[in-house]
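Q: Going by this note's numbering, the sequence shown opens with residue 76, and the numbers climb by one from there.
Don't read these hints as lab results, they were simulated from the structure.
Bear in mind that the values here come from a model prediction, so they are computed numbers and not experimental data.
Where a beta carbon is used, it is the ideal one built from N, C-alpha and C, also for glycine.
Mixed in with the good hints, there may be bad ones.
Stated by the list, open to error - In silico DSS-like pairs for lysine-lysine, Cα to Cα no more than 27 Å straight-line:
id, residue 1, residue 2
1, K228, K211
2, K126, K228
3, K228, K164
Said to hold, decoys possible - Have a look at the derived ranges for each label pair, beta carbon to beta carbon:
id, residue 1, residue 2, range
4, R175, D245, 31 to 39 Å
5, G191, G146, 16 to 24 Å
6, H96, H143, 19 to 27 Å
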Amino acid sequence: MTMLSALQRENIGALFDVFDHSGLGRIEWADMERIALTVIARLGMTVDDPKCVLYLQAYRRWWAQLQHDAGHGDIGLVDRPSFISAFEKGMMAEPGYLDRVLSVGLTAFDAADTDGDEVLDEEELVTLYVASGLPKEGATALFQQIDTDGDGKISRQEWLAASRETYVGDDPEGVGASTLAQNWLAQT
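Build the full structure now, drawing on both the sequences and the hints.
A: Here you go:
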């Protein structure tokens, strides 16, 4: 993979901003864990639920990888430029890097699939996104964008395509740009 485009860097920076709840320009494990625990609680689950255990484990692995790729060892903090650089470094150097990042999203998908039918209906997706900090209106609009076949459900394939677009898409009108810049950041 080549260097990230300006839009890709913007989208990845926007993801950092989602985690940087304090607005201090740096994140630590507690910031990521706060979002994960909020999602779990709003889904009506506990941290002991097997789906949630997998979700938290995926987040922890991602955090450890981010710290490593950012070159910060285990100091516990990653700033915005380092976060973006870590993504760029990982995606350029490791063919499976993006798939590992996307696996975190898949554990969120599985946790949000509260009825176990292996798809997300609108209520499940909206609950997940609102729990992650997205306004309900933005979550509802995203459901419509991600549901590319119009069947009223989000499949794992649709979820993965939208997630992949968030990180490596170059369409300023695409679901990736919409996910972060137009929705989460519109509320800040």
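Q: Hint by hint, say whether it matches the structure.
A: To see whether the hints hold, each was checked on the structure:
1. K228 to K211: holds (17 Å)
2. K126 to K228: holds (20 Å)
3. K228 to K164: violated (34 Å)
4. R175 to D245: 31 to 39 Å: violated (21 Å)
5. G191 to G146: 16 to 24 Å: Distance hint for G191, G146 is violated at roughly 41 Å.
6. H96 to H143: 19 to 27 Å: Holds - the Cβ-Cβ distance for H96 and H143, about 23 Å, lies within 19 to 27 Å.
Violation of the numbered hints given earlier is confined to hints 3, 4 and 5; the remaining hints are satisfied by the structure.
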